[in-house]
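Q: Please put together the full structure from these sequences, using the hints given.
Protein chains in written order, with full-length UniProt numbering: chain A, 1 to 700; chain B, 1 to 700.
Be careful, since some hints might not be right.
[Unchecked claim] Calculated cross-link-like contacts (lysine to any residue; reagent style SDA-like; alpha-carbon spacing at most 25 Å):
id, chain 1, residue 1, chain 2, residue 2
1, A, 534, B, 646
2, A, 534, A, 675
3, B, 534, A, 647
4, B, 534, A, 644
Hints in this document: simulated from the structure, not taken from any laboratory.
Protein chains: 2
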Amino acid sequence: MKTQADAGGLFAPERVAVVGATDREGSIGRAIVENLADFDGDVVAVNPGRESVLGYDCYPDLGEAPAVDLAVVVVPPSIVVDAVRDAGKAGVNNVVVITAGFSETGGEGAERERDLVDVAEEYDLNLVGPNSLGVLSTPTGLNATFGPSNALPGNLSFMSQSGAFITAVLDWANDQGIGFKDVASLGNKAVLGETDFMRAWGDDPDTNVILGYLEGIDDGREFIDAAREVTDETPAVVVKSGRTEAGAQAASSHTGTIAGSEAAYEAGFQQAGVVRAENVQELFDFARALDGLPMPDSENVAVVTNAGGPGVMATDAVGDSRLSMASFEDDTLDELRGSMPDEANVYNPVDVIGDADLDRFRSALDTVLADDNVGCALVLSAPTAVIDYEELGEVVVDLQAKHDKPVVTCLMGGERTDRAADVLRAAGIPNYFDPARAIGSLDALAVQREVQSREYEAPTDFDVDRDAAREILEDAADRGATRLGVEAMELLDAYGIPTPDGEVVDDPADARWVANDIDGDVVMKIVSPDILHKSDIGGVKVGVSDEEVADAYEDLVTRAKNYQPDATILGVQVQEMVDVDAGTETILGMNRDPQFGPLLLFGLGGIFVEILEDTSVRVAPVSDREAGEMIDELDSAPLLRGARGRDPADEDAITESVQRLSQLVTDFPAILELDVNPLLATSDGATALDVRLTIDPEEL
Amino acid sequence: MKTQADAGGLFAPERVAVVGATDREGSIGRAIVENLADFDGDVVAVNPGRESVLGYDCYPDLGEAPAVDLAVVVVPPSIVVDAVRDAGKAGVNNVVVITAGFSETGGEGAERERDLVDVAEEYDLNLVGPNSLGVLSTPTGLNATFGPSNALPGNLSFMSQSGAFITAVLDWANDQGIGFKDVASLGNKAVLGETDFMRAWGDDPDTNVILGYLEGIDDGREFIDAAREVTDETPAVVVKSGRTEAGAQAASSHTGTIAGSEAAYEAGFQQAGVVRAENVQELFDFARALDGLPMPDSENVAVVTNAGGPGVMATDAVGDSRLSMASFEDDTLDELRGSMPDEANVYNPVDVIGDADLDRFRSALDTVLADDNVGCALVLSAPTAVIDYEELGEVVVDLQAKHDKPVVTCLMGGERTDRAADVLRAAGIPNYFDPARAIGSLDALAVQREVQSREYEAPTDFDVDRDAAREILEDAADRGATRLGVEAMELLDAYGIPTPDGEVVDDPADARWVANDIDGDVVMKIVSPDILHKSDIGGVKVGVSDEEVADAYEDLVTRAKNYQPDATILGVQVQEMVDVDAGTETILGMNRDPQFGPLLLFGLGGIFVEILEDTSVRVAPVSDREAGEMIDELDSAPLLRGARGRDPADEDAITESVQRLSQLVTDFPAILELDVNPLLATSDGATALDVRLTIDPEEL
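A: Now the structure itself:
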């Protein structure tokens, strides 16, 4: 796969060739040629069997055609690779392969797809597909798809892993008056994928919002890095399907996508600044709001309504969202009182009551939008004899422009809302029947506002002993170990994650030396990769005094050998006694997701992780802010923060441990899984009491 | 309020009088007369100043008019009570008071409303309002509202606490082709309320689904009892607004409704069998599905699609719901394989692929609907050249009728879906663009299926010592106590909730007697309503041997007196030592909700209730099934069920304690709040270790 492909070039060709163009009725080759009728540039056909196709000049191959910027390939699967090679030879940069019958069919098709990738790499091609519906771009009238609908012009750019979904969306969007800048059907993503289009549209001044329907992401880390740069300015809204277990199974059988874990996607999109939509309705509700409305200054909503009941519904929706109902300044309340009858309610939601005419609505909305406490507004109206919706729509458009704050509307009703909705739509303002959807749109703005306000700090580069860590891992690899236990505590030491005093020793005298250096009694544990449950065989001794250490050493080794004569015994760990009751046991873990790489997990130990599943996840490496969010997200966070008379834990110490582990697992892809369990969080630190990890020596 | 008002009579009058009828332009009195133009029965006007109104005969008062079944009152607020009295005297049974200016305005208006209630009671009137938009009923063309729209005929009956919401809904529903049987604007609910309409529509053969927009429920227990009888046959879907804190505040300032707690509503609707909608969209999505579709036999969904991506989205939506993806029988798979091309996917979601024609769709849907594992189905289609949506709609209608299983559709697209949607709508089948909404509709059917499958068992009537309980409460009341502690353990004993051996005694000799009867050492606690934190003043002694009991008694009393010389000391509790580590501490509590009465709460103790808010709530009295659900609902339930190597708790003992407490608080409204904390759940029982309660002596 290309790492820095320029997907943007696909959408602004001057001359397009349809390779496999034909005038055969019902064929895809014909459908594409027909769809190119409105293209502002040149169209040429390539087909050795024809001299012209539907009026376009036809050439036997691309080498004989005039220079082309985009080749759309619709030839049979067996000759696709050759056709694409011809394109490469002819100096074409951008190729869309419509033809299906590649990796999605397995076996031979998958092999063909590998060949296709090789050719694309050889000629440095920006290749979409195979198995794509095509691409379109409205500014030049380019419709290089075989879909039944063209798109209206607009500023949404949309990528989809399902071509059928594009056909459905375009048909519907035309009806709704929703327009697009570019549309790309990703197909099998053999070369160009979601990250490439994210970058391209992030650089495109005509794309206001990036939309995606994705079933999987190929390289999660690359996606996060690219997307967070883009979303800092351009909102991206994505439906990731296969969210649920059932859905992931369905996605896998649909495109052969390996879904990766939902937790990884959730974390990855969060870190990438992508606004996640749960379903199609949210995808377009959010997109329209982000396209048409200015960013709010705050999350405080004002609701102006002529109907109390719907006002309450809107307030409930605010309560369900991250938004708050704005509290008005005294001046605002005074002004509202002055301009409205006594029965009106001047507090938020403002009820201008059923007999409100246009002036009263205008005055109330103007007043609340002028209030510095108000970040955005919802105008709600039930049909009454005194309100003309079209006029009310115009008032909303005017006042939104005047105050430059986002306003959405619920002008409730049937046909009578149509003309008002047109007026509002032209100004980028969505109108809904359901107050909950309107508030949901404002909520999406609040998410994007938070994304744009983030400072993306680089992960801290701690001063660690990477060589020591490498040595520990290599030693383990040398002895053929793939699962490591307490003998790897020094790995944590090397990365500055606090561990109790102590060492793994391999003779009784050393054990005494170590114990002497430790205040008070010690804990001693047999260290053997072959003995997983040490306590069960008497392989752990607590409260061992300095005098008892040597005997205890011998005893532990004897027990281990008795239990399993051929066990590899690495020695005995002699460790400071730690009072676990002096803190809260937490778990800090890592595993590798096939798409996103190292995933960090944090949670309180025991039932919190196992029964209540109260954990937080981030893709490593994490910044200090992201590590802090991992604590914030836990339902059980109050238990680390002094609830029920506990001492508050040292959160800085926890987040530092999280970041140091993040650095460790980023530095060493050989670490496949790692659990610090428990990481004991106390009021003045965080200490790793035990560790287990799995390594892949091949990756060292 | 009338307890068994017959709201049904309102909707089938033969002659309607408009009291306050007028032909003055823009007046409500005129709007109502105009809206009655299509009424099949007679209309008379009542207005002393006119001889006829808009062609209807006009009478000076109801006494002089011919006999009337329904009087719609629109006179000024000051003369409403007189007008209603006249109606009562004239033998009119049903009255709708449109006029506003009653309790919603407070003060004088509230007084006027009380007078109105008195008159309604005196004449046994079925009175809607005041402050109502009116009522309508489509079978007779009755539109006794002043709203701008009439309703299409249908089988939904709709009550709303917001008149404006009715005007918005009717306007919108006409556009959507959604029809109604009856509509009632509840207004201030001075006499008839939600429970009355629930009953009336439950008895109405023409009402298929009851819809409600409610901001509060006046008598929760009565509502539950009425609704559960109704919902066993007729589905009821309710939006209760004021769900959130912000929303509850807004509702309160809108109609003066005291919202009651959201937890109470959640429990109450669940127990009543009401399908709860979160927003307007769900209200009508659920209503349409419940109106038009047969009940499914199971919660297993089959999805048939020509588009993989939307199929995955639908599968995700199934994963989010209580539904499951159906697993097909082998015969079904064989048949699908036989009728579809190799590239099709015969597993659920069935992908008939993009080139599927009508026959392939028909065959696939027919096959999966015939499978006994399939309870319901979704047909999904993206627009293609080979599928005509109208024809596909007809196929769905036919096959749904043939198999009598609920089918919903997502024929995705814009205008091209319109005619198909009409065909489907006529057969009661909803069509959506978004697969998530389609699955949401099937989910509502699954909720209703569960409601209808419930056996409403009466709460168990345990053999308890009610007299003893009364005596304990009366003793407390006699000494002026409102807050009781361990001295009330006997209250639990009286209702058969196990407590440790022990007694409250008031001299050292008795203390010895009690201790002698108890095996092993005892716990002793000072008993005083004035000392809340006994431990803090040394008011608790654990591990007291028989020999030490008398001295301990004196010591406890001395400490208490030193701490607070004027404290009332009721004695000392001498109790068996209980090992709390031998079980799991749970909390069993009760408080009284203003609308629903006694609410029971159950959860695991400590952080589970306080930090994680993992509790379950039911309105008392509860049946055995409902008590069991209270355990099932807890996220922490596994901790009672043997997770992490614990002994499973005796759930029967817990549910019995829940039910016995339920009986206690139902028998004694004087108990305002009660907490058994902890109720120690062990493998062979549940024991109340401590109790606190608050009583209202007035209620005894």
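Q: CA of residue 534 of chain A to CA of residue 646 of chain B, is that 25 Å or under?
A: Cα-Cα ~21 Å, so holds.
Q: Between residue 534 of chain A and residue 675 of chain A, does the CA-CA distance stay at or below 25 Å?
A: holds (17 Å)
Q: Take the C-alpha atoms of residue 534 of chain B and residue 644 of chain A, compute the straight-line distance between them, and say whether it is at most 25 Å.
A: Between residue 534 of chain B and residue 644 of chain A the Cα gap is close to 18 Å, so the pair holds against 25 Å.
Q: Taken at face value, is the distance from the CA of residue 647 of chain A to the CA of residue 534 of chain B at most 25 Å?
A: Holds: residue 534 of chain B and residue 647 of chain A sit about 24 Å apart, inside 25 Å.
In summary, this structure violates none of the numbered hints.
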